[in-house]
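2 protein chains.
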Amino acid sequence: MIRLGIMGYGNLGRGVEVAVRDAVDMELVAVFTRRDPSSVQILTAGVPVVNVSEVADWKDKIDVMILCGGSATDLPEMTPEYAQMFNVVDSFDTHARIPEHFANVDAAAKSADKIAVISCGWDPGMFSIMRTYANAILPDGKDYTFWGKGVSQGHSDAIRRIDGVKNAKQYTVPVEASLEAVRNGENPTFTTRQMHTRECFVVLEDGADAARVEKEIKEMPNYFADYDTTVNFISEEEFNANHQGLAHGGYVFRSGKTGADKEHNHIIEYKLTLDSNPEFTTSVLVCVARAAYRMKAEGMTGCKTILDIPPAYFSDKSGEELRAHLL
Amino acid sequence: MIRLGIMGYGNLGRGVEVAVRDAVDMELVAVFTRRDPSSVQILTAGVPVVNVSEVADWKDKIDVMILCGGSATDLPEMTPEYAQMFNVVDSFDTHARIPEHFANVDAAAKSADKIAVISCGWDPGMFSIMRTYANAILPDGKDYTFWGKGVSQGHSDAIRRIDGVKNAKQYTVPVEASLEAVRNGENPTFTTRQMHTRECFVVLEDGADAARVEKEIKEMPNYFADYDTTVNFISEEEFNANHQGLAHGGYVFRSGKTGADKEHNHIIEYKLTLDSNPEFTTSVLVCVARAAYRMKAEGMTGCKTILDIPPAYFSDKSGEELRAHLL
Chain X
1 MIRLGIMGYG NLGRGVEVAV RDAVDMELVA VFTRRDPSSV QILTAGVPVV NVSEVADWKD
61 KIDVMILCGG SATDLPEMTP EYAQMFNVVD SFDTHARIPE HFANVDAAAK SADKIAVISC
121 GWDPGMFSIM RTYANAILPD GKDYTFWGKG VSQGHSDAIR RIDGVKNAKQ YTVPVEASLE
181 AVRNGENPTF TTRQMHTREC FVVLEDGADA ARVEKEIKEM PNYFADYDTT VNFISEEEFN
241 ANHQGLAHGG YVFRSGKTGA DKEHNHIIEY KLTLDSNPEF TTSVLVCVAR AAYRMKAEGM
301 TGCKTILDIP PAYFSDKSGE ELRAHLL
Chain P
1 MIRLGIMGYG NLGRGVEVAV RDAVDMELVA VFTRRDPSSV QILTAGVPVV NVSEVADWKD
61 KIDVMILCGG SATDLPEMTP EYAQMFNVVD SFDTHARIPE HFANVDAAAK SADKIAVISC
121 GWDPGMFSIM RTYANAILPD GKDYTFWGKG VSQGHSDAIR RIDGVKNAKQ YTVPVEASLE
181 AVRNGENPTF TTRQMHTREC FVVLEDGADA ARVEKEIKEM PNYFADYDTT VNFISEEEFN
241 ANHQGLAHGG YVFRSGKTGA DKEHNHIIEY KLTLDSNPEF TTSVLVCVAR AAYRMKAEGM
301 TGCKTILDIP PAYFSDKSGE ELRAHLL
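For the record, the sequence lines run as chains X and P. Residue numbering for the first sequence follows this note's numbering, beginning at 1 and increasing consecutively. Residue numbering for the second sequence follows this note's numbering, beginning at 1 and increasing consecutively.
No lab work stands behind these hints: they were computed from the structure. Accuracy of the hints is not assured; some may be wrong.
Copies of the same chain look alike in the list, so a pair counts if it fits in one copy or across any two.
Said to hold, decoys possible - For lysine to aspartate or glutamate, the following DMTMM-like pairs were computed, each having C-alpha atoms within a straight-line distance of at most 20 Å:
1. Lys218 with Glu237
2. Lys262 with Asp22
3. Lys166 with Glu205
4. Lys296 with Asp60
5. Lys61 with Asp206
6. Lys218 with Asp163
7. Lys166 with Glu298
8. Lys142 with Asp275
9. Lys61 with Glu81
10. Lys271 with Asp57
11. Lys271 with Glu180
12. Lys257 with Asp25
13. Lys142 with Asp316
14. Lys110 with Asp226
15. Lys296 with Asp22
16. Lys317 with Asp74
17. Lys166 with Asp140
18. Lys262 with Asp36
19. Lys142 with Asp22
20. Lys271 with Glu176
21. Lys271 with Asp123
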């Protein structure tokens with residue numbers, strides 16, 4: 001059995017805990033928290049909740065630690081720190097900072113003879129895998145990534161920072177006609193506006209000026225100005241009843257040409273429709289933990305990404321089983 | 001530059017030749033044929049066409065040999081034979097015989113300190129990769145593979161063996177309503193008939209009895225009896241004008257549940273829409289040849305499958321480039 005630890009018990013930590021139940025070759029041995037452990041109630045009977053200050057005592061009791069922190073401030077610190085004690089897996093998703101995060105984690109993991117796999121989930125994660133395969137197979141082609149329909153946390157936060165806004169959710173929605181144009185092999189070039197629309201659901205503070213808030217949202221540079229944005233003002237009751245979901249998803253396409261005269265077009269489409277964004281992410285993290293354990297057992301150390309992992313290492317099945325049933 | 005050889009110059013051999021043009025890190029050094037080389041005209045100036053009897057002279061001049069034979073009779077012989085001289089890649093696609101083929105090729109490649117990657121293309125191949133990832137990520141779920149719309153060579157051959165048939169093409173077509181049911185998360189259980197229909201285009205010999213031929217097709221066990229089958233009798237002119245295409249494609253789905261009470265459903269869909277079945281297959285083979293070269297350079301030998309290859313090894317880009325741009 002691969003012995004897993006969970007560092008951090010929010011949406012991701014809970015998702016890992018639940019995903020491990022379906023993994024026949026893994027067991028959860030402890031959940032670590034910055035909070036008072038007696039205040040944290042987990043789902044799994046018999047698994048201790050431990051304050052993070054005691055984590056070093058668990059160095060020899062955990063094969064892989066899954067780091068369930070946020071990308072903005074937690075993981076840039078946590079992953080290099082814990083890679084000095086454990087084999088670790090994280091879901092760091094700030095694309096632009098991946099090279100820097102990789103370098104920090106690689107140095108830490110190598111110095112401790114550990115393996116660390118960063119940026120696992122679906123984007124970065126499964127979408128990255130799809131882009132990599134598809135770019136290699138169809139070098140003469142175009143990539144398209146669409147997200148949604150799903151909540152963008154960053155855009156929701158941006159709305160909440162506007163004066164007079166009590167709460168807000170922003171859904172990113174792919175433009176259906178643009179998906180169809182890609183599927184039809186038209187190899188279109190899109191403006192930002194043509195790929196996604198933004199739907200906002202906003203609860204105002206008492207007495208706030210709706211027209212001003214709507215204008216501020218729609219004109220916000222980077223976040224909304226380049227998009228067709230719809231703003232819906234709703235009551236707090238409606239917000240709480242209808243906008244708590246964690247569904248998300250998206251599409252990775254590559255459309256590319258082959259042939260002596262480039263006369264043949266091919267379209268690769270990968271689509272995710274997810275009822276729970278964090279639970280799908282953690283389902284990937286658990287598979288990557290399995291892979292990290294195997295890669296470490298083979299002698300690998302340092303920082304890796306999901307692109308460095310053979311698909312077979314995601315699976316609990318043997319090579320024989322995979323060849324007989326899934327190949 | 002990775003030096004490639006092509007063994008066999010039919011649809012697959014030509015596809016490899018064309019795909020190599022887009023690979024900046026590879027060069028084609030020779031094409032091998034069982035025919036008289038002077039009778040074989042290839043597309044690439046300056047590349048020799050060599051009779052297969054002289055292949056041993058090329059042992060030190062080729063890094064990876066791509067074996068472009070058929071699965072029924074060629075590859076079961078060719079792959080073990082040439083794995084004793086070269087690192088090889090094949091597209092062996094008889095699913096039921098993969099374990100046997102693997103064992104034969106593994107013994108041959110290991111004895112010669114070579115690497116061999118078998119069963120690469122799209123099914124087996126990219127579809128296998130998708131099934132493996134998706135089964136690992138969503139262990140509590142169901143798989144669905146749909147093929148088409150595209151020509152089934154085996155079913156076309158079966159029709160041509162009927163007395164009175166001059167020529168025939170059979171298209172496998174997924175049932176649209178069933179695709180939608182899977183996409184809607186209904187997790188349906190399908191009969192064979194509910195997943196695909198079979199459309200046949202048949203040219204009769206002069207004086208053949210159309211009603212008898214249609215009955216024989218529709219009642220043929222395994223091939224057609226379990227499907228809704230449409231038989232269209234057409235002229236040889238129409239056949240030659242409209243039924244020479246090599247388009248194909250298909251879908252791999254997994255629909256699976258997560259959550260403390262399995263309350264969340266997730267749907268992974270991978271869809272290929274291919275203008276040329278052989279050219280997409282050979283585009284994969286060329287990427288796998290790149291991967292085989294790297295894996296051999298790392299000291300791996302024996303038989304591998306596409307499930308054993310990290311996605312990054314498909315690409316000509318460095319780890320740094322992949323992390324910066326595709327992760």
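Could you place Lys166 and Glu205 in one of the four classes (within, between, both, neither) given a Cα distance threshold of 20 Å?
-> Within. Shortest intra-copy distance 5 Å satisfies the 20 Å Cα cut-off; inter-copy 78 Å does not.
Using 20 Å as the alpha carbon limit, work out where Lys262 and Asp22 are close: within a copy, between copies, both or neither.
-> between (46 Å within a copy, 11 Å between copies)
Could you figure out if Lys317 and Asp74 sit no more than 20 Å apart (CA to CA) within one copy, between two copies, both or neither?
-> Neither, since 34 Å and 30 Å both go past 20 Å.
Could you place Lys271 and Glu176 in one of the four classes (within, between, both, neither) given a Cα distance threshold of 20 Å?
-> both (13 Å within a copy, 17 Å between copies)
Intra/inter-copy verdict for Lys142 and Asp22 if alpha-carbon distance must be at most 20 Å | Between. Shortest inter-copy distance 14 Å satisfies the 20 Å Cα cut-off; intra-copy 37 Å does not.
Within a copy, between copies, both or neither: where do Lys271 and Asp57 come within 20 Å Cα-Cα?
-> Answer is neither; intra-copy 42 Å and inter-copy 48 Å both fail.
Have a look at Lys218 and Glu237 and pick one of within, between, both or neither, based on CA distance no larger than 20 Å.
-> neither (24 Å within a copy, 60 Å between copies)
Classify it for me, Lys61 with Glu81: is the Cα-Cα distance of at most 20 Å met within a copy, between copies, both or neither?
-> within (18 Å within a copy, 48 Å between copies)
Have a look at Lys296 and Asp22 and pick one of within, between, both or neither, based on CA distance no larger than 20 Å.
-> Neither. Shortest intra-copy (23 Å) and inter-copy (35 Å) distances fail the 20 Å Cα cut-off.
Give the relationship of Lys271 and Glu180 under a CA distance limit of 20 Å: within one copy only, between copies only, both, or neither.
-> both (13 Å within a copy, 14 Å between copies)
Identical-chain pair category, Lys218 with Asp163, by Cα at 20 Å = Within. Shortest intra-copy distance 14 Å satisfies the 20 Å Cα cut-off; inter-copy 70 Å does not.
Is it within, between, both, or neither for Lys296 and Asp60, if the alpha carbons may be no more than 20 Å apart?
-> For Lys296 and Asp60, the Cα distance is within 20 Å only inside one copy (15 Å; across copies 35 Å).
When held up to the earlier numbered hints, the structure conflicts with 1, 5, 7, 10, 14, 15, 16, 17 and 18 and fits the remainder.
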